[in-house]
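Novice: Listed below are the residues making up each chain.
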Amino acid sequence: MFTKKFNNLFSFICVCALTWPAGVGAAKSVYKPDGYQIQTVQTPANIRFHITGLDSDNKGDLYVATRIGDVWRYRQQTWSKFASGLHEPTGLLVDDDGSILVAHKPQLTRLVDIDNDGIAEDYIHVASGWEFHNDYHEFNFGPVKDKQGYLHGTLNLGFQGGYGGYRGFAYKVSPSGEFTPYSWGLRSPAGIGIHPNGDIFYSDNQGSWVGTSKIHLLEEGKFYGTPNSLNEAPGAKGRWQDQYTVAELDQMRETPVVLLPHGEIAKSPGNPEWDFTGGAFGPFKGQMFMPDLTMSNIFRVMLEKVNGQYQGAAITFMNGFQSGNIRAEFDTQGQLWVGQTARGWGAEGNKPFGLQKVVWDGTNPFELLDIKLTKTGFKLSFTEALDAASVNAAQFKVQQWHYHYHNKYGSDKVALKDIKVASVSLASDNKSVQIKLPLTAGKVMAIDFAQLKSQSGRKVSSGKVFYTLNQTY
Amino acid sequence: MGKLRCSIRLIASLAIFLVCSAFAHSSDEELNALSLKPDVNKKGQSLYLSFCAGCHKKDLSGAVGFNLKDGEWIHGDKPTDILRNLQNGFSSAGMPGFKNAISLADQKAIVAYILSKREGFEQLTYQLYQLDSDDDYKIESKDIVASGRLKNNYLDFELPEIKHYMIEFSGQFHAPKDQPSFLYAEKAAGVRLELLVNGKAAKVSKYADVQRWPLLPGKQALTLRFYSNHAKAWVRNPAVYVTNAKDKIKLFPVSLRALAQSKDATFEVKAESAYLVEQKKIINLPPYSIAVGAPQKVNFSFNSRSCAVNALWLGDLLNIGPNIGGRGKDGSIPLGDWLYHSPQVLQPKIADGQVCQFIKYRLQGSPEFYFSLNGLQLKLVADTQVAEQITFNYFVLANPQEVTQLSFELPKVQANKLSVSSQEAVLTNERLQFDINKHAKFSINMAW
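From first to last, the protein sequence lines are chains A and B. 3 is the number of the first residue of the first sequence in my numbering; add one for each residue after it. 48 is the number of the first residue of the second sequence in my numbering; add one for each residue after it.
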């Protein structure tokens, strides 16, 4: 009886998912660049291993935090439990001294193995300057550590906007333990990462006031668009609803550096992770990789500065992972580890949790390497020289649109329009192509180049890139 | 030989007579009446804990043996069925018969106690009405296309396999007698649901995707109507529970969907051989509560915001299942009996508006909690080695303000349930007062 009913329940959930408007079923294409494989890592038997915190140390040991509240170490293909009893961790950092920092709902905690037996004895309070109301949605993401030793994290809003207490803020903790909430307007900022140059980026999930998932540069004193936390922002004079019109909020908010079209690139993005593996992971050196929970994929983000401001593009890297990807981490070997969970929020991958890694076998893939804005269009560079015969303006299909900024959950594409490519020019080495087309700031531009061929006759695995055109030259 | 055969026949006849006479003196009405008598239930509870709880669990929710408080009774749900099964047992399933083990009066007391703990529907029936369209609100008896009994006594919203319908469930319903409770339907946003309690429309409250109605204590007649009309496919199978008033704890499932969710929501954490610490959402406890389980089957909670010991309970630590399933909305449930819980606290008091600063806990044997109150640094370690008591040992680690007096607010608990004492303290105004100049280490003992 129970089995029968459970199956029925599952069918019921599937029906729901298929009726969601933004096309859960859209990501049926297989994205797999040549030379890259997904390997599944066995997790401890009979343990709920929903990985939501993931980091590695300089010895190659991997540490994971799981939603049930454990921290595990993976050394030489063997798991050992390092800590337990935490409150739904959603972030983990191996600190310089080998201690483990875990962001869980009520606290940022440092775990220390004081007797070197491989198990943490000390659970040290680092910060808890926000309010936690026992609400399921009050996640604490992070931490990342900057060059001055400050730890940074982001605080999810509570259910339906939350109850205050710095929900929807980014925060930092000084080396001496001082907690400072420093920017606001975040919604569900499930991923935070720091570039080696010190710039901090975070991802936010589609929802109210977030038309589609997005990536921001995180800076102090900025408002990131979801107004619930304005009530506690410096200088707040009352309820934000009484203070600002939507148009004013729109003017006040920071512009995302990259928008992630819903159902095409992401639905629930996790943390940014950069490829500084020195080529051990292939040709995409220095680029940001980001996992997505709902779509069970990894996408690449190519950033540039235009007029001094970050903007850039996203393109799917791989999909077909077994569960919901929420954390990504490059280890010292150049392997990209992916922590997974699908509990509570469904994923394309049908496993409830797990750990996989992406490895590169040295084969040069044929993919888009990078995209840069020019004064008249874009320059697209590739990992292999193009077959000149396949390169002409008709092979590029371009659309542009923007998103509503409103209280409603998500946004349709607004002013969706086909854009004609005026001309193309292939570089002398055949490895890059410049396309000319009209540019309008404030748009997402989707460029479909899937019909291009390489000189060896290959087609790209991922043939559509989404550039967020905040600024033009 | 003939004598022996005669004796066997005589014994058999006597046994049949005894069994028959037992039933002759036990009717459903009598057992139902006994279930309303507190003294009989108290005796029944004591006997149940001795003879039955090992297999059916202390709260009757079932383990090796079946759940004895829900609506599923595969061997019959009449009071005399329950008595017969208690007497005869099920040897193939490992349950002994108690016919000759305890007196008939004791057997009846156990049955009465089981009946008093009954939850959910009995004699649940349904009627399915076929409607013409999303906008058809006219319900007539001629629209009935199916009806019948739901033997497991759970609401089954998947019965209709037609697009436009109203389904009506009716039955006798057992709600908690000891606390206010609600019928609570989740995943039911925008759905038209109606509840009749003893024939009268109950007032609904709606928030998020929840609809809920107040229930009467004890037994009552319930009718629940679900109208498909414009309801989308994903809200046509609500999870219906009975919840309590204060913390909206899901007390028991009422629909099949809720039952499936409840079975998935069991994950028991027990301190078997070493102390365990769990930071989870816990029913009755505020955020920041850190639960500690000791192998001696005593548990407490330290709150890192107030620096108070804000709960003490016996038994095993927690069922954290409700807090780690789905989106983790529900609180973990202690696997035993409260001795006290928040807002009752054991809390050090140094000044009004004092600032508690949590420093850390250390796991080496009994967990050590380090914290400061207005700069006074303290360490708390619980000792659970002596049976039926716990001792909270406090250590003064730093006293930069040179505080001399430290008092403790005590949990207000019936004296016969829990006694609190300390050798180093003076009891003043229901508080323990310590001279920490004299006592850099001091203890507070709780015994039950």
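Source of the hints: derived by calculation from the structure; they are not laboratory data. Backbone N, C-alpha and C define an ideal beta-carbon position, used for all residues, glycine too. Be careful, since some hints might not be right.
[Claimed, not checked] List of simulated lysine-lysine pairs, DSSO-like, C-alpha gap at most 27 angstroms:
no.	chain 1	residue 1	chain 2	residue 2
1	B	K407	A	K149
2	B	K247	B	K317
3	A	K83	B	K407
4	A	K83	B	K279
5	A	K410	B	K266
6	B	K407	A	K147
7	A	K410	A	K147
8	B	K279	A	K410
9	B	K376	A	K410
10	A	K410	A	K34
11	B	K105	B	K407
12	A	K415	B	K310
13	B	K376	A	K83
14	A	K353	B	K253
15	A	K353	B	K376
[Claimed, not checked] So the derived label-pair ranges between C-beta atoms look like this:
no.	chain 1	residue 1	chain 2	residue 2	range
16	B	A268	A	S82	51 to 59 angstroms
17	B	P227	A	S82	45 to 53 angstroms
18	A	Y184	B	K253	52 to 60 angstroms
19	B	W281	A	Q79	52 to 60 angstroms
20	A	A249	B	N446	37 to 45 angstroms
Novice: None of the hints should be skipped; say for each whether it holds.
Specialist: Do the hints match the structure? See the list:
1. B:K407 / A:K149: Cα-Cα ~26 angstroms, so holds.
2. B:K247 / B:K317: violated, 45 angstroms
3. A:K83 / B:K407: holds, 20 angstroms
4. A:K83 / B:K279: Given that 27 angstroms is the threshold and the Cα spacing comes to 45 angstroms, the pair is violated.
5. A:K410 / B:K266: violated, 44 angstroms
6. B:K407 / A:K147: Roughly 21 angstroms separates the two Cα atoms, so the pair holds.
7. A:K410 / A:K147: violated, 35 angstroms
8. B:K279 / A:K410: Holds. B:K279 to A:K410 sits at ~20 angstroms (cutoff 27 angstroms).
9. B:K376 / A:K410: holds, 24 angstroms
10. A:K410 / A:K34: violated, 35 angstroms
11. B:K105 / B:K407: violated, 35 angstroms
12. A:K415 / B:K310: It is violated: about 42 angstroms lies between the C-alpha atoms, which goes past 27 angstroms.
13. B:K376 / A:K83: Given pair B:K376, A:K83 holds - Cα atoms ~26 angstroms apart, limit 27 angstroms.
14. A:K353 / B:K253: Distance ~34 angstroms between A:K353 and B:K253 Cα, so the pair is violated.
15. A:K353 / B:K376: holds, 21 angstroms
16. B:A268 / A:S82: 51 to 59 angstroms: Holds, since B:A268 and A:S82 (Cβ atoms, about 57 angstroms apart) stay within the stated range.
17. B:P227 / A:S82: 45 to 53 angstroms: holds, 48 angstroms
18. A:Y184 / B:K253: 52 to 60 angstroms: violated, 38 angstroms
19. B:W281 / A:Q79: 52 to 60 angstroms: violated, 42 angstroms
20. A:A249 / B:N446: 37 to 45 angstroms: violated, 58 angstroms
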